[in-house]
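Each protein sequence line maps, in turn, to chains A and B. Quick note: the first sequence uses this note's numbering, first residue 1, plus one each step. Quick note: the second sequence uses this note's numbering, first residue 1, plus one each step.
Think of the hints as simulated: they come from the structure by calculation, not from any bench. Where a beta carbon is used, it is the ideal one built from N, C-alpha and C, also for glycine. A few of these clues could be false.
What the hints assert, rightly or not - Here are a few chain A residues that sit away from chain B, every Cβ distance over 10 Å (derived from the structure):
no., residue
1, Gly-5
2, Phe-6
3, Ser-8
4, Gly-11
5, Ala-20
6, Asp-31
7, Thr-36
8, Lys-65
9, Gly-67
10, Arg-70
11, Gly-73
12, Gly-86
13, Glu-92
14, Glu-94
Stated by the list, open to error - Heads up, simulated EDC-like pairs for lysine to aspartate or glutamate below, C-alpha to C-alpha not over 16 Å straight-line:
no., chain 1, residue 1, chain 2, residue 2
15, A, Lys-65, B, Asp-520
16, B, Lys-43, B, Glu-16
17, B, Lys-140, B, Asp-151
18, A, Lys-57, A, Glu-34
19, B, Lys-399, B, Asp-368
20, B, Lys-140, B, Glu-175
21, A, Lys-60, A, Asp-31
22, A, Lys-60, B, Asp-520
23, B, Lys-43, B, Asp-148
24, A, Lys-57, B, Asp-520
25, B, Lys-324, B, Asp-357
26, A, Lys-68, B, Asp-520
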Amino acid sequence: MLAIGFGSEGGVVVAGRFDAAQCPAAQAFLDKVEGTVTLDCSGLEYISSAGLGVLLKTQKRLLAKSGKLRLAGVNRHILDIFQYSGFDQIFEIEPAR
Amino acid sequence: MSARHNQRGLSAQDLEAILAVTSKLAAPFDLRTMLTEVMSAAKQVLGAEGGSVWLYDAVTDELLLEVATGIEPIRVPAGTGLVGACARNRRVINVPDCYSDPRFNPEVDRRSGFRTRCMLTLPLVDHKDVLVGVMQVLNKTGGVFDRDDEDLAIALAAQCAVALQRVKMTEALIEGEKLRQELEMARIVQQSTLPSSMPEVAGYDVFGTFQPAGLTGGDTFDLANLEQGLLVVLADATGHGIAPALSVTQMQAMLRIAFRLGASLETAFTQVNNQLAATLPPDRFITAFIGLLDAPQHRLRFHSGGQGPILHYRAATGECVRHKPTSFPLAAMPVTTLRPAVTIELAPGDLVLLLSDGIYEYRSADGDEFGEGRVSEMARRHHGLPMQEFSAHLLAEVKAFARGAPQEDDMTVVLLKREAGRAREHRMIPRQIGQISAIFDFTAEFFGLHAIDRRLLGTVDLALEELFTNMVKYSPETEAAVRIDLVAVDGGIEVSLTDTGVEPFDVTRAPEVDINAPIDQRRPGGLGLHLVRRLVDHIGYEYEKESRQSRITFRKTIAGPPAGAH
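Next up, chain B with everything else stripped away, as it sits in the complex (with noise of 0.2 Å):
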């Protein structure tokens, strides 16, 4: 026990004060409340005439006094003045006689009209030893403060500062909460534009996906059968909270009334880029591609404001084409001259992959970017899923490539695909040996045309190859073309060869070659028949006696065996 306790020491009603207030401050005032509760229990419990609380603001490194609603609060930097010594030192100061103390700032005194005499000036540090801020306690009732009211105050003031901090923090989380749910809104709003259900598009697969980021980025897309074709949209505005996805959604409607009012592709790209550079904040834009499919037609025109890369999958190739965009982003300034739009022509089995760069630009934990070149290579390997799947499938690769790494930005998926179809063509080959080149340009061809896997194509021209050179060598005694029917199938091709006014020949049941023969027993015949039962899926054979039609069928597919398959 310290000497000055021998005085009066802290009384069993004293305590019995502390802890009704401590009681007291538990409920869940709000900070206002708290504050005005602070005041009256150290009033109560210390005899004082008034007080005040003064917060102290980390950020600015400031004390804040609050003296009326609606009123800004008095700013007093830390370190000045009597509020501004106490929250540097931490101590408490007790002055008898305030107007004699030059640290004494007078000015409250005549804005306020009190006067006051002496003063306690408290800390309030909170049990993790932070600072919330600042007590004043005024003109002791009868006399000054001493010691006793000194030790009673630095109870009182743990007590406090505890339950300012705790008021302090629940409104910050409050406050969180409430841009949470803000943000929330923004995305439902964001949400409710895209299209609930994929537009139906004659010979063609159309789908849209958008995978929102937690509380960032603010990407769109649409997909809309217009009289102008098949409207086709994906946006991504600048920016992280509320404000880009509330730009990408105004952006949306704009373009859909520009196109309902009958605007060309045009007019609709300048006018609602124009719209926007007016009323968008300076610092903001949007990247867009805008485009308009004409299925009969087979051509997507488009306007692409900063927005890409724009990859088309050449089925033919089995390469992806780049285009770039043909403008700036939308309403980054006005457009005066517009370059021409670029048209795609669309093949059989072409694809249009529109990704956002939340896709392209993710990040892996090793800090590599997810990039084009792997969107390219998906192109090629499953062009021939349905473009839902491929999507799936698309994600699925970010994130096995993300490896735990967030997903920092929104990613969209806009898929357009000219349907392969179960293609069916034939050609009437002549019985020369010559006519081999033709065969392979139809294979090619129609490989290309229809979308099958390339890694196919040697086998089946291999297996072409050796079944019309046995029609062409063993049936002599006919003129007749062989008709080659190439039948598109899941994962590959169906192949048949029809040959006219000949004698039966099973393929199926040509005697077996022995490989492992030493050399000088090995002759070229049979082994042609031996290589394409080997490599083909199935091979059948059919003979039609009435027209003496020997007809052979063979299927080849990647889920076959793999051998030539390369």
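Just chain A, same shape as in the assembly (with noise of 0.2 Å):
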């Protein structure tokens, strides 16, 4: 399952597993969200290309509106995926400490 919400400093906090079958509400949150935008990734623990892509759209629309999304606490695993995507050159990415 996955969990994504607003975070108390006003980051948008994701948690638990982004699968395609987690897309949908992921794509409507991240929908809402305007400007520059932190997603705290420390909890999560796995990513699929459906969910880079959810995250790839965001980036855009923010993007295009001189916003941008930023991805912190990123762990080894998941870092990985971004990179054979080639994502880490989207994304500005902080890694898990």
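Put the complex together from the two separate chains, hints included.
Here is the structure:
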């Protein structure tokens, strides 16, 4: 399951498994965010290309309005997926410490 | 030359006598013969009627006079009497009339019936300046001992001291050798009771090994197929030397007999404990794990008298569960009430690790202990290995950890693994995106049950999701469920997805995506297959025209690409 919502500091927190079945709900949520948004991924365990697609669509929309999506707390496994898909060139990523 | 030599000096005859004695003393006598030889040499060279040699016992700071075989030697504290004074000062004492010297002890005369007139008392000091004893020479034939006799006696005493010291050292060596041989024998007895080969247990890999420390320690183990099941024992008797080795041997024999006579685990544990409590010395005890494995039911029931920790590596979680002993060590006291035995349920790929404290408490050169954490970590990393290899690996790890620090205690390893088997399972997954979670449940369970490295799970899930969603999206004309097969292979897993009633689509030939394209040219399509191809070891595609069946098979092992394997 995937949990997505606003965090305490105005950013967006995403946790759990971002698979194809979770995309509609995640997309609906991200369609509402504006400006420069930090996505706290420290609880994100898994992401597939469908999840990447949701993030890509959101990034395109925000960039068009001079905003952007930043990713923070990205674990090693998720970072690998971003690198192997070239998405590390599309998002500003802050790996988990 | 000092003035006193003018009286007589050491004559050629004297020298010859001393040299003759010296060459005689070089013979390999035992201590008693050597004492007699030394005495007769002294009597001969000095023309004395009698004499005695007192040996110095540095441990008690006493002088000992062997009177005769079988009689306790006479002991005199160094410092008292003529011998004592001589030992302290290391000087020759020449007493021409003994009965007028207050230091003289007439008791020895009274016992032997010998009348001592005059006496020379000489320290026996070897070439390393170690006091070996004191020599007394009695009653110079036809007079008293003069200065020349003193000089002669000193020369002789030096030779005697060296000869005596040599014999004492030789005897100490022989004693040590005897002790070593006895310990060696105890070791052979101890080791002869160990299983000569590992018992065969269907569905299990069992292994035990024993690495003795030099001359100490009292470990044992047992693995034997009995009517009650597989007997699993690991025991460690307290203390060093022969006694613990024999205690564990005794315990092991008692256990075997108890079980052969049909005893239950509880009865055997209680009775053997009570018997040992009655017979072992009060300061001795044995920590022991005694278990019976019911292999068909995959249950290991055990009692442990102070032996622990008992580690149960669970393949499903990748963690070690730690069990404590159920009772105090064997022989500590009689058991009156026994807590219930503990049962460990073994799932496929589970491991039970029993290790003696010689491993857990092995100290490195820095003084750190090997400890439980390292053992748990090894179980996590190497549970897939055959148990014999696991054991070798573990002992090698201990050795590497020690960094040259010597082994101070026996090390014993007993390992039990329920085979994970080359398991194969399949599920039919309805073609709906919402079914992805059912796939994830299936893989997680399969990984757990068959002890597959969990670091591979993320990649396997990703590949399955990408391939499954592709099938669902691009073949809308069929409603047939997708069959997913999972097969455990060496170091990982092989997965296949079978889709029936569809047109061919070879995923291995799908066009590459440009992952470096700028964002406005990026589309999510094709990215999934790109990731799959990048992350798995191997992927293959087959199409069967008659049944219109597409089958994609991929493999992911720890030997494959490292990406995503975290």
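Which numbered hints does this structure break? Going through the list in order, the structure violates hints 5, 12 and 20 and respects the others.
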